[in-house]
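These protein sequence lines map, in sequence, to chains A and B.
Position 33 of the first sequence, counting from 1, maps to 843 under this note's numbering, and the rest follow consecutively.
Position 228 of the second sequence, counting from 1, maps to 304 under this note's numbering, and the rest follow consecutively.
Calculated directly from the structure, the hints in this document are not laboratory data.
Treat each hint with caution, since some may be false.
The following label-pair restraints were derived from C-beta to C-beta distances [unchecked claim]:
id, chain 1, residue 1, chain 2, residue 2, range
1, B, Leu91, A, Glu926, 27 to 33 Å
2, A, Gly942, B, Thr92, 28 to 34 Å
3, B, Arg369, A, Glu936, 17 to 23 Å
Since we're looking at a predicted model, the values are computed, not measured.
Backbone N, C-alpha and C fix where the C-beta goes; we use that ideal spot for every residue, glycine too.
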Amino acid sequence: MLRAEGLTKRYRQGEVEITALDDFSYDFPPGVTAVVGPSGSGKTTLLNLLAGFDRPTAGTVELAGMRIDDLGEDERASVRLKNAGFVFQSWNLLPTLTALENVAFPLLLAGVARAERNRRARELLERVGLAGRADHRPNQLSGGEQQRVAIARALALEPAVLFADEPTGNLDSAAGAKVLDLLLEHAAGERRLVLVTHDLQVAARAARVLHLRDGRLVQVEDRG
Amino acid sequence: MELLVLVWRNLTARLTRSLFTWLGIAVATASMVLFLSFGEGLRQALAAEMGNMGPQIRVVAQGTDAFSPPLPELPPEMLGQIEALAPALGIQRIIPAVVMFRGGFDPATSFLFYGLPEGADPRDFYPPAKAAAGRIDPHPDGAVVGAKKAELNHLTLGKPLRLSREVTVPVVGVLEPAGSMVDSFIFVPMKTLQEVLGTKNYGVFLLQLDPTADVEEVARKLEAAIPGIDAQSTTEALKFAERALRIGDLIRFGISLVALVVGGLLVANTVMMSVYERTREFGVMRAIGARRRFIFGLVLSEALFLALAGGVAGVIAGVAGSALINTYTQQAVGLALSAVTPRLALFSMGVALVLGLVAGLLPARNASRIPVTEALGRI
Ligand SMILES: Nc1ncnc2c1ncn2[C@@H]1O[C@H](COP(=O)(O)OP(=O)(O)OP(=O)(O)O)[C@@H](O)[C@H]1O
Ligand SMILES: [Mg+2]
């Protein structure tokens, strides 16, 4: 499960206080939920709080049956490792590791033995159509391929929730479509995908679209 | 194991920088190893010199220090005085000797002559001594030359050796190399040397004691009984030398500390820069679920790895440098002055590691404390 209640984040910049997210409440159902809104409306802030990268000024976040808003850094990291996967706009991969090693990285953190790790990483790369690129470094991969490796890595520990912040933002439409298809494909069943985008065509593929404006949730569009 | 792969990948990704840092630590460690190897070498040489002789006392005229050749200032009747005391003090053998040093600035023009009485030979100075050619005994009127001295001055059997304008003796024996000071000595009959010096006095009495005797106690009793002498025991000399060596070690370590600090700053700088450049990388790791300890360990391991690799290279270079120094000092003074003992190698590795640890701690702490959102935001 993924649920936010009264989620608020304020940043203080000297004298000025910015409310980046204001009293956000939503219970994310399984499937794809898109978050849209103009630049600066608080989309990334929301994602950071839901994923436990940051702690809210007020409100609660429940991820996989656990309150994470009052957990410490390392505890949140552990919850993330087992329950959440991420795809950012760019620069997702560890540059000194090969595609295979990048995908295996969460498994390494989780303490999976080497042989098993490599077997699963290879399988995941196959699922995103990159079996032939296992030994490439990120700088030897195209932007679209890099995003697909990031998706494979996000899926490595079978997380309950996937977070994606503008995953197609840096890609041309063909590569973007491929990445999006992969993401949507793996958000089937009980899994949840929170997809931040300002591309309305991307948002149109989601079951629900949350509209943010000035940090407030102004509209929930259910597309059935 | 897996952490090491990450460390290795990152260090090789910035190869030139890593190599320079590694070299810096290697040079710093090697310089420390070399500096300190002198102390260790002297210690070993001393222990070899003294350890070969068993409990011994050197009697010289008061005011002669432990390491310079004694002047012939002990009158002949003193021999009788000591002989009279010998049974009570456990003195088994008394070897009177005369020493003559003819100095030059380089080893080829310096000569150290030992005049030995009949019945004494180089083995009384260095028990394992052996003749490589000719005799080991200089009597009745020849010279037995240490290996180094023979090589340096091309002294072979039968060659004449001039002690003064009037006195010349033939070389009757050449010793095998011993790795001891004996290598630079020339042994001649005592009568001959006394004649050259124009004296009936002795320069030194070497007393060999009963193995159960308390050397320092005997030395004290001798000094009390016979005024005007210094009775120097081997243990006392060793203690004195050890104290001097310790001070020398401290000074040498102090000097090499400068190089070490520079090496440490190099590591700190390399790791700090690499941490700064990889902020985003650490952000991604943390986002995926790495704990702060993981990042801390990763960065610290990099510093330690650099320090360890540099330390190993430094010790190896130090061993090579020490061997080089020894080939020179063997020629010059017949002694291996530099030694890289296991404990010195271990100590140097330890210092290099501590260096890496100290240099790595701050960058590691910084890297592990950057908030995830900030790290992700920085590219
Ligand atoms: N660390 C911070 N310190 C101060 N203000 C911040 C910080 N992070 C975000 N903000 C502010 O909070 C607001 C929301 O930012 P956020 O990054 O969530 O917007 P966004 O919807 O993701 O925009 P974009 O579409 O441009 O990515 C903005 O006004 C931003 O300036
Ligand atoms: Mg954003």
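Status of the hints after comparison with the structure:
Checked against the hint of 27 to 33 Å, the C-beta distance between Leu91(B) and Glu926(A) comes to roughly 32 Å, which is consistent with it. Between Gly942(A) and Thr92(B) the CB atoms are about 32 Å apart, so this pair conforms to the stated range of 28 to 34 Å. Under the hint 17 to 23 Å, the C-beta atoms of Arg369(B) and Glu936(A), about 33 Å apart, miss the expected range.
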